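K.L.:
Take a look at the letters that make up each chain.
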Amino acid sequence: MNADQARASLASTFGIDVAAAVPMVVSVSPDRWQELGRHAKEIVGCRFFNFLTAVDWKEQGLEVVARVDNLEDGVSLMLKTKLGPGVSNCASLTHVYRGANWMERECFDMFGIHFDNHPDLRRILLEDNWEGHPLLKSYAVDTPHPPYR
Amino acid sequence: MALNDPPVPVIPAPIWRNFKELQEWEQLHKTRPEGDKHSALFESVTEGIHNFPGGFVVTTAADAFLNWARKSSVWPVTFGLACCAIEMMATFCSRFDVERLGMVPWASPRHSDLMIVSGTVTIKMAPMLLRIYDQMPDPKWAVSMGSCANSGGPFRHGYHVVKGVDRVIPVDVYVPGCPPPPESLLNGLLLLQDQIAHFKKTGRKAPPNEKVD
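If you're matching them up, the sequences are chains X and L in order. Heads up: the first sequence at position 31 corresponds to 31 in the working numbering, and the numbers run straight through without jumps. Heads up: the second sequence at position 79 corresponds to 79 in the working numbering, and the numbers run straight through without jumps.
This is chain X alone, in the form it adopts within the complex (with noise of 0.2 Å):
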């Protein structure tokens, strides 16, 4: 499917107007996040999982950010999603895409999102004692950390 039959496809289907670009960049409420997700695999042929991360809002909460590919058509799509003020929790792409795991472990690590129904929902990078999620702005610069300080 090349860059225009996706913009339809997506169109007829989310009900968004996409600008065309590389990479495309798709925003859907977190509701349809995983539908998103899906359709991007199985209809667009978005098959390569690049990666997956957040941005933090501050008062506008967090926004999660996946960039999926596909490799044949040379088509890329950027998927996002504001889960919205206080919210932390998203629905996972671990069912749609295997590439998500780890991806959205480190995001709940470093963010704290919460991703419901992933497999394996731990802390990847830092110790499982760690206290906080060290990229959310409201995290303070220094944290100390004892024993070392």
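Careful: at least some of the hints might be erroneous.
Reference listing, derived: stretches of chain L covered by chain X, where coverage requires no fewer than 3 residues with Cβ under 8 Å from a Cβ of chain X [what the hints assert, rightly or not]:
no.: 1; stretch: 161-169
no.: 2; stretch: 183-192
To give an idea of the chain X side of the interface with chain L (calculated C-beta under 7 Å), a few residues [stated by the list, open to error]:
no.: 3; residue: T13
no.: 4; residue: E127
no.: 5; residue: P134
no.: 6; residue: L136
no.: 7; residue: D142
no.: 8; residue: Y148
If you are wondering where the hints come from, they were derived from the structure by calculation, not from laboratory data. Bear in mind that the values here come from a model prediction, so they are computed numbers and not experimental data. C-beta atoms are modelled at their ideal positions from N, C-alpha and C, and glycine is treated no differently.
Fit chain L to the given chain X structure using the hints.
P.N.:
Quick look at chain L alone, frame taken from chain X:
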């Protein structure tokens, strides 16, 4: 489009995550009394020789000889952490050749006298560093190499960096630089040899931080 397919199988937690035994061993090691590192018999014999008329000549000469032996065979444990380790390797190699000073980079902490902390110490790495340091036999020395090991360096305000390795182990010589060239490290090692020759007590841990401790 079914959204609730059977989930991906749950991966069990790996078995090496259970550190309990190692932690107990470490606790035992920490609470080990200082006395069992010394021999009371040897101490009383040397004390007797020292108090014998003219005997101090023997003990001081023996001290000087032992310190000369210690400083002439300082074996650093190979413990590279970051980019400073590249400079450390260059120091160990033939161009700068610390082997002419009696230093053999050794791959086991149990046969080593010196730990060159070369690079950024992360909070996750600090317990392992302490464990390797504890495995070295006394007397032992530590050289903090580079800005990261000295104070945290450019990563000082990162969330995961120990702000100076002297918060974990006592340090004898600080070598500044980012990274220090081999000449700097050689200078630091020569300073360390000078300290060992006089067996000065220079190792210190960072003073307590009033805000945290």
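K.L.:
Each of the hints needs a verdict: does it hold here or not?
P.N.:
Hints versus structure:
no. : hint    : verdict
1   : 161-169 : holds (count 4)
2   : 183-192 : violated (count 0)
3   : T13     : violated, 10 Å
4   : E127    : holds, 6 Å
5   : P134    : holds, 4 Å
6   : L136    : violated, 10 Å
7   : D142    : holds, 6 Å
8   : Y148    : holds, 5 Å
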